[in-house]
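Start counting the sequence shown at 55; every next residue gets the next number (the working numbering).
Honestly, the hints are just simulated from the structure, not real lab data.
Accuracy of the hints is not assured; some may be wrong.
[What the hints assert, rightly or not] In silico DSS-like links for lysine-lysine, alpha-carbon gap of 30 Å or less:
| no. | residue 1 | residue 2 |
| --- | --- | --- |
| 1 | Lys78 | Lys91 |
| 2 | Lys84 | Lys98 |
| 3 | Lys113 | Lys100 |
| 4 | Lys120 | Lys109 |
This structure is a prediction, so every number in the text was calculated from the model and none was measured.
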Amino acid sequence: MKKILFSVLVVATLISCKEETRAKVKDASKAVGAEVKTAAQKTKAKVGKYIDTAKVKQKANKIIVKGAEAIENGAKKVKESADKK
């Protein structure tokens with residue numbers, strides 16, 4: 055009888071420990087998930103800023119190139135008109 059009672063107590067203890075461990079693991083996984091989400095959001099914000107900056111730089115470069123071409127064309131016209139006189 056003692057062996058049966060002892061076995062039941064051991065099994066009950068092991069089962070209760072497993073439930074506590076499962077709860078702890080579940081809480082820890084939720085905490086890690088929250089940290090990963092936060093890190094992902096921060097990274098997304100930083101990357102978004104860099105992408106926006108890169109897009110602005112590309113647009114600025116296009117505008118500068120177009121402006122330089124217009125200045126070159128104007129300079130050619132002025133030179134040609136000066137050569138004709």
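Which numbered conditions among the earlier hints are violated in the structure presented, ordered from lowest to highest? none
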